[in-house]
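FYI, our numbering numbers position 47 of the sequence shown as 47, with every residue one higher than the one before it.
Mixed in with the good hints there might be a few duds.
Stated by the list, open to error - Pairs of lysine to aspartate or glutamate residues, derived as EDC-like cross-links and limited to a Cα-Cα distance of at most 16 Å, are as follows:
| # | residue 1 | residue 2 |
| --- | --- | --- |
| 1 | K62 | E91 |
| 2 | K36 | E122 |
| 3 | K62 | D87 |
| 4 | K36 | E135 |
| 5 | K62 | D82 |
| 6 | K62 | E96 |
| 7 | K36 | D49 |
Hints were generated in silico from the structure; no laboratory data involved.
Since this is a predicted model, take the numbers as computed values, not measurements.
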Amino acid sequence: MTAPLPKPETLSKERLRLWLRMLRVTRQVEAALREKLRLEFDSTLPRFDVMAALLREREGLKMNELSRRLRVSNGNVTGIVDRLADDGLVERIAIEGDRRATRVRLTPAGCDAFTVMAQAHESWVNELLDGVDAEDAHHIGELLHRLPADTGAR
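Taking the hints into account, I'd like the entire structure generated from these sequences.
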């Protein structure tokens with residue numbers, strides 16, 4: 001015998017509670033990661049995100065591609081890239097035939113710095129989610145894959 005279906009208002013309330021739990025956990029983990037990046041690497045989560053995106057694209061990305069992937073404004077990305085360039089972690093490359101566009105990629109120093117940060121980041125996430133075993137992590141991940149990946153909102 002199967003359990004009765006929850007009433008629509010009950011399901012709605014359960015989904016709301018789930019969203020609030022996910023939001024609370026996300027904010028707590030994100031705050032801890034921001035603090036650890038600041039203290040251990042004098043860096044920020046947005047810098048980390050830019051470097052991660054660039055590491056995946058060894059040839060680099062146009063600035064507008066980078067902002068689209070990170071879902072942030074061009075202005076935000078420009079400021080982060082400016083500071084990373086000042087630190088020698090990224091370089092700008094002119095795009096032949098398009099004087100207005102530039103491609104940005106990690107320098108060798110940027111790749112090395114990001115690799116160290118990424119290893120620390122993985123370790124921190126592992127510590128922060130210590131109460132979740134491998135089976136539960138897989139199951140939660142599978143359940144989250146059922147959610148819409150993109151609402152179309154920006």
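Quick check: which numbered hints come out false for this structure?
3, 4
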